[in-house]
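Participant: Make a model of the complete structure from these sequences and hints.
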Amino acid sequence: AQRVTQPEKLLSVFKGAPVELKCNYSYSGSPELFWYVQYSRQRLQLLLRHISRESIKGFTADLNKGETSFHLKKPFAQEEDSAMYYCALSSRGSEKLVFGKGTKLTVNP
Amino acid sequence: DAGVIQSPRHEVTEMGQEVTLRCKPISGHDYLFWYRQTMMRGLELLIYFNNNVPIDDSGMPEDRFSAKMPNASFSTLKIQPSEPRDSAVYFCASSLSGGSQPQHFGDGTRLSIL
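Protein chains in written order, with our numbering: chain A, 1 to 109; chain B, 1001 to 1114.
In case anyone wonders, no lab produced these hints; they're calculated from the structure.
Every residue gets a Cβ at the ideal spot worked out from N, C-alpha and C, and that includes glycine.
Any given hint could be a false lead.
Below 20 Å or equal to it, Euclidean Cα-Cα: the simulated EDC-like pairs (lysine to aspartate or glutamate) are [claimed, not checked]: (1) A:K96 <-> B:D1030; (2) A:K104 <-> B:E1044; (3) A:K96 <-> B:E1014; (4) A:K96 <-> B:E1018.
Coverage of chain B stretches by chain A, computed from C-beta distances (three or more under 8 Å per stretch; other residues unrestricted) [said to hold, decoys possible]: (5) 1044-1050; (6) 1101-1114.
Facilitator: Written as structure tokens, this is what we have:
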């Protein structure tokens, strides 16, 4: 069975500090991993996906198959990064997503 | 482009009543998804369609829930009869096909069953 675990419900950091949002997954096949974000009063939207190996808004995430993790990182957090972040998994070739329960990030001034 | 459009935004009704949630996907998208979000269970996939055909409804909680997609531009999620435990935010999303395509979400419908 596919499962995504985000161990932190809440995460609070100060502006300029590094931030890491943890995501662990359970899946025996070839996973595709995503991070979705929901800013206040906005829709849930894709932030980045592991196959693209991209950096979006300064965020990066590396798929570690050995540790079955896909942690989201940013070296210097900004106040506008405050949002709800969801890690999600799909099996290769499938459109079906399994979401973690989300982590609420607050970046304090 | 207005994106995925859901209606109503809020719905408050008494238990036992029929509830119908509506969704208009982004034009040209092949896939449509219905999710339910609660504090306890997070964001759960209920059902998804490909080219108007239901592909996986294993997330539908019970027979009181049904979903249809009569054409490429409209889908409904119906609860009959509704119960207080159905209170949640229901999201609709759509995407193109092709693997790893981003899902585009609507604003959601906040449903409260009294």
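Participant: Now tell me if each hint is right for this structure.
Facilitator: How the hints compare with the structure:
no. : hint               : verdict
1   : A:K96 <-> B:D1030  : 13 Å, holds
2   : A:K104 <-> B:E1044 : 18 Å, holds
3   : A:K96 <-> B:E1014  : 32 Å, violated
4   : A:K96 <-> B:E1018  : 28 Å, violated
5   : 1044-1050          : holds (count 4)
6   : 1101-1114          : holds (count 7)
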